[in-house]
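**Q** Since the structure of chain A is already known, use the hints to place chain B on it.
There are 2 protein chains.
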Amino acid sequence: MKTLLTAFFVTSLIAVAADIRRDEPKKPLVLESQGSFFVGGEKKAVNAPTPNGGTVESSITVNQMYVQYQTPPGGDKHAPVVMVHGCCLSSKTWETTPDGRMGWNEYFVRKGRPVYLADQVSRARSGFDPTKINAVKAGTLPPSELPQVLAASHQVAWSVFRFGPKFGTPFSDGQFPIEAVDELYKQMIPDLNSLLPNPNPTWTNMAALAVKRHGAVLMGHSESGFFPEQAALIDPSGVKGIISIEMPCVTNFAAPQLATLAKIPTLVMFGDHLGDVTGGPANWLTSYQGCETFVHQVNNSGGDADDVSAEDGN
Amino acid sequence: MKTLLTAFFVTSLIAVAADIRRDEPKKPLVLESQGSFFVGGEKKAVNAPTPNGGTVESSITVNQMYVQYQTPPGGDKHAPVVMVHGCCLSSKTWETTPDGRMGWNEYFVRKGRPVYLADQVSRARSGFDPTKINAVKAGTLPPSELPQVLAASHQVAWSVFRFGPKFGTPFSDGQFPIEAVDELYKQMIPDLNSLLPNPNPTWTNMAALAVKRHGAVLMGHSESGFFPEQAALIDPSGVKGIISIEMPCVTNFAAPQLATLAKIPTLVMFGDHLGDVTGGPANWLTSYQGCETFVHQVNNSGGDADDVSAEDGN
Chain A
1 MKTLLTAFFV TSLIAVAADI RRDEPKKPLV LESQGSFFVG GEKKAVNAPT
51 PNGGTVESSI TVNQMYVQYQ TPPGGDKHAP VVMVHGCCLS SKTWETTPDG
101 RMGWNEYFVR KGRPVYLADQ VSRARSGFDP TKINAVKAGT LPPSELPQVL
151 AASHQVAWSV FRFGPKFGTP FSDGQFPIEA VDELYKQMIP DLNSLLPNPN
201 PTWTNMAALA VKRHGAVLMG HSESGFFPEQ AALIDPSGVK GIISIEMPCV
251 TNFAAPQLAT LAKIPTLVMF GDHLGDVTGG PANWLTSYQG CETFVHQVNN
301 SGGDADDVSA EDGN
Chain B
1 MKTLLTAFFV TSLIAVAADI RRDEPKKPLV LESQGSFFVG GEKKAVNAPT
51 PNGGTVESSI TVNQMYVQYQ TPPGGDKHAP VVMVHGCCLS SKTWETTPDG
101 RMGWNEYFVR KGRPVYLADQ VSRARSGFDP TKINAVKAGT LPPSELPQVL
151 AASHQVAWSV FRFGPKFGTP FSDGQFPIEA VDELYKQMIP DLNSLLPNPN
201 PTWTNMAALA VKRHGAVLMG HSESGFFPEQ AALIDPSGVK GIISIEMPCV
251 TNFAAPQLAT LAKIPTLVMF GDHLGDVTGG PANWLTSYQG CETFVHQVNN
301 SGGDADDVSA EDGN
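First to last, the protein sequences are chains A and B. Numbered by our numbering, the letters in the first sequence go through residues 1 to 314 in order. Numbered by our numbering, the letters in the second sequence go through residues 1 to 314 in order.
Isolated chain A, as found in the complex (with noise of 0.2 Å):
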């Protein structure tokens, strides 16, 4: 089963490589079915104002995750892959690419595979819990109670992209389209992660979206590339397959952890130029050398895990 996902993985990545920047017609997107829906959320009491200047006890949901699905036909002969994008992204990461080429959500359909994309808890259309900015405006919370809301800047993402050595200078073996850049760069939009509790609810609705899919395959990049790993630790019962695509890697799990994670097959994909940018907020060599490590305790512990790098010509 590994092998077999280890395969198609790196497959389709050379593939979508070898479609930079070729333009050939499309043939026509067939789908079993489509459509969305939440994970989770939880209801919460809120003190909301009234016309005559005072609050009357409302209830909001908090902590519900938004995920889009697409099935192709004959869809269910293969277990679905849920896709979470990283920091300062929303699932828009995985659609079409900043110049304007069909993105992973389509091409894994097009390769027979159902797609869930998930918005995290607390981005984009999943929504977040306001009620902390609310206080501190009403004056019941002071503004250190605020969150911090990251915004990645276009600088942070040039380096945190690994696009080139400094900004505004790219890479000549780069394969990101740079022209379109100013594109990637109205995908970054606030991440308000630090409001949310422990465990992430993300990582709970993502193991539930396995069990109530019967089974799936969990996909996390950067920010959420260990969001598979922490899923499957919270319920790995329908956690079929985990791809973890360039993050940091925990490397102190306790046996009866590493254990679980033993299970589950596992692949783990960083890019190349992992050691050549330096002053951003990543630090990608000793990102994907804790990984290693990771690969190695899984495997150790009876796992079939797999670490690809483009920086050893995979």
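Please note that the accuracy of each hint is not assured.
One copy or any two copies: either way a pair holds, since identical chains are not told apart in the list.
[To be verified] Straight-line alpha carbon distances no greater than 27 Å define the calculated DSS-like cross-link-like pairs of lysine-lysine that follow:
#	residue 1	residue 2
1	Lys-77	Lys-27
2	Lys-44	Lys-166
3	Lys-111	Lys-212
4	Lys-27	Lys-212
5	Lys-166	Lys-43
6	Lys-43	Lys-27
7	Lys-77	Lys-111
8	Lys-212	Lys-26
9	Lys-132	Lys-77
10	Lys-43	Lys-212
Read the hints as simulated data drawn from the structure, not as lab findings. Only a predicted model underlies this, so the values are computations on that prediction, with no experimental measurement involved.
**A** Coordinates of chain B only, in the frame set by chain A:
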């Protein structure tokens, strides 16, 4: 053109109503193309914190509008429909219904229409400008400068959507699947429109999208119900039709503005029980009466506008 438009949408509404709780097998959905992109967006200078406690001038992008589209085969025979959601919602509102039926987005695509779903600027996948929140947290702005974050409570949603005379008591003739109301509450996400400049960038971006598509029908609902008209007053050149659903109308436009709107076929739609819910933030009967006045004003300027209300048996 207007008569056709009216006939199509009224037929659609009746068909959607008839669809309720009918669970017939659906044919596969065939798409000529799908994807997502952004309209608009401007670069804004911000001071980002550095690891040594200082700040560095950086840039973020604000006021962009996320748009997701699907085009059926032969869809270029029709002007696309751009759907914009209301307060405290995202474009989820046009997708799968709370009880799992097909949403208006797919319904229109299956009727041969290209559909564009926009998230309003400052909402969902369009992101928002976080600089005021961060400045208050940093102590450089007072808490009073925080945006008024609108969080529609369950109680407010019940009243605004007119599910019944009081919270928890539905109308006996309601068509909303009240057993699934908790799923609707999950769609209600914080509304940061108070952060927006004037004119609202969503209006500007809707007008620009209509131009980009060489003509489009603009549709808004509730908070955004009058956005199509506002977009047309910024640039009418791409606006081939307007559908305004349940909102207050502006009734004091000057003659040149009415002359602009009079050139665009316009349909204004309201549901039932307009006067049967009191105490909430909306007064729907007053809104409907104002819109009747607006429709008369447009028609007196030589226009082709119509209003439809389920209250009138339409």
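**Q** A separate judgement is required for each hint: does it hold in the structure or not?
**A** Hints versus structure:
| no. | hint | result |
| --- | --- | --- |
| 1 | Lys-77 / Lys-27 | both (22 Å within a copy, 19 Å between copies) |
| 2 | Lys-44 / Lys-166 | between (45 Å within a copy, 20 Å between copies) |
| 3 | Lys-111 / Lys-212 | within (23 Å within a copy, 31 Å between copies) |
| 4 | Lys-27 / Lys-212 | between (31 Å within a copy, 24 Å between copies) |
| 5 | Lys-166 / Lys-43 | between (46 Å within a copy, 19 Å between copies) |
| 6 | Lys-43 / Lys-27 | neither (44 Å within a copy, 37 Å between copies) |
| 7 | Lys-77 / Lys-111 | within (12 Å within a copy, 30 Å between copies) |
| 8 | Lys-212 / Lys-26 | between (33 Å within a copy, 22 Å between copies) |
| 9 | Lys-132 / Lys-77 | neither (45 Å within a copy, 49 Å between copies) |
| 10 | Lys-43 / Lys-212 | within (21 Å within a copy, 42 Å between copies) |
The structure shown violates the earlier hints numbered 6, 9.
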